[in-house]
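Asker: Those letters in the sequence shown? Residues 582 to 940, per our numbering, in order.
In case anyone wonders, no lab produced these hints; they're calculated from the structure.
Please read all numbers here as calculations on a predicted model, not as lab measurements.
In this text, a Cβ means the ideal position worked out from N, Cα and C, and glycines have one as well.
There could be a bad hint or two in this list.
What the hints assert, rightly or not - Label-pair distances were calculated between CB atoms; the ranges are:
no., residue 1, residue 2, range
1, T746, D854, 15 to 25 Å
2, F614, W775, 37 to 47 Å
3, Q856, A803, 11 to 21 Å
4, K751, H731, 22 to 32 Å
5, T812, L934, 14 to 24 Å
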Amino acid sequence: NSKNELSGASSLPRKFNQKRIYLHKKDKGCSRFKECPICHNLVATYALESHADRCCEAEGHFSTDASAKKLDEVTTCSTRNVKRKLTQCGIGVTSKNVSPPNLAVGSDQSSEWWKKSFKNLPTSVRKITFEQQIASVPLNISKSITFTPHTYEPVPLFVYENFITEEEEKFIISELDKKNNEGGVTHHRDMPVWKSCVFNGPHIGKRWGVHCDIRDRKVKDASYNLPTFFTELLFSKLRCLKPIFVSSMVPNEANAIDYRRSMGHYLSSHVDDRQLSKEPIANLSLAGDCFMTYQINKKDAHSHEKDPKRVLLKRRTLQVLTGKSRYNYSHGIRKDDILSERRISITMRESPLTVVLKK
Numbered sequence: 582n583s584k585n586e587l588s589g590a591s592s593l594p595r596k597f598n599q600k601r602i603y604l605h606k607k608d609k610g611c612s613r614f615k616e617c618p619i620c621h622n623l624v625a626t627y628a629l630e631s632h633a634d635r636c637c638e639a640e641g642h643f644s645t646d647a648s649a650k651k652l653d654e655v656t657t658c659s660t661r662n663v664k665r666k667l668t669q670c671g672i673g674v675t676s677k678n679v680s681p682p683n684l685a686v687g688s689d690q691s692s693e694w695w696k697k698s699f700k701n702l703p704t705s706v707r708k709i710t711f712e713q714q715i716a717s718v719p720l721n722i723s724k725s726i727t728f729t730p731h732t733y734e735p736v737p738l739f740v741y742e743n744f745i746t747e748e749e750e751k752f753i754i755s756e757l758d759k760k761n762n763e764g765g766v767t768h769h770r771d772m773p774v775w776k777s778c779v780f781n782g783p784h785i786g787k788r789w790g791v792h793c794d795i796r797d798r799k800v801k802d803a804s805y806n807l808p809t810f811f812t813e814l815l816f817s818k819l820r821c822l823k824p825i826f827v828s829s830m831v832p833n834e835a836n837a838i839d840y841r842r843s844m845g846h847y848l849s850s851h852v853d854d855r856q857l858s859k860e861p862i863a864n865l866s867l868a869g870d871c872f873m874t875y876q877i878n879k880k881d882a883h884s885h886e887k888d889p890k891r892v893l894l895k896r897r898t899l900q901v902l903t904g905k906s907r908y909n910y911s912h913g914i915r916k917d918d919i920l921s922e923r924r925i926s927i928t929m930r931e932s933p934l935t936v937v938l939k940k
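Work out the full structure, taking the sequences as your base and the hints as a guide.
Answerer: Right under this line is the structure:
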């Protein structure tokens, strides 16, 4: 037994273990892996949810017949004591048929719910991890926030409308418009000033987090830390998105672009650097609407994909680029496709720091 514990081996049948190990070999090219909380094996992040479901069914953690259960009830667990403890804490066993309380993400009630959910749980219950509870968040948590993505060609491109509320939008814009006062106490360490820029088209911009130096092909340390509204508001909502590989995104870089229609601003068609930044890439629209145009690379084009794809990005909408939309399609915004005088976009990426080996 001690040998199995040290190696992280599962108590599942040998045939099931062999299948899981084969899955790891198949996913050898994946860049992100997480430990399955049930069998403790490493699994490709994108496959973690379905893998954990199979483990649960094999070990009898969850009842397979939950059709008669209401959404706010816990599913049948293997022991009554565990179920009672979970109920006391206000959480249910992770299942596709279970929903946490109907709270707005980022609210005080929501934060308290997450904290209370995992406090003082017995060791036997801690297999139900924070990541699993995040994965079980319903697609529509509140009336003001819609988490059901619209999918467009190029696939997969996910668009989440009303990702933030009007009040949250106003707050973020006010934070972005704060200016540095170099000589006074109102200097904001995490809020750089807006600056004119011509990279990928004329615009006004600012950035935070690590710096992707395209010329030197390196990811360098941050000059400005990510502001608190990223970590406390936006990132908490990112973790509540489906599919699970979107929710596993941990951005360490962000930039904001301020487009002014009267100044002729636009976004040149381009593909974000394939090596310095990982996938997915998330982009939040503020202050105004626009159409973004996607064009497939010539070498990747098939006859039915050659035509440009135009996607409407409404204010307060989050779009997530992954797969073909991230690597095989260029994206841009024409002058005439900026539909209001001002539009702000916030793009969030995950870019691992370049490791410098000492001689």
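Asker: Determine for every hint whether it applies to the structure shown.
Answerer: Results for each hint:
1. Checked against the hint of 15 to 25 Å, the C-beta distance between T746 and D854 comes to roughly 32 Å, which is inconsistent with it.
2. Look at F614 against W775: about 39 Å separates their beta carbons, and that is inside 37 to 47 Å.
3. The hinted window of 11 to 21 Å between Q856 and A803 holds, with their beta carbons roughly 19 Å apart.
4. At roughly 24 Å, the beta-carbon separation of K751 and H731 lies within the given 22 to 32 Å, and the hint holds.
5. Between T812 and L934 the beta carbons are some 18 Å apart, a value that agrees with the proposed interval 14 to 24 Å.
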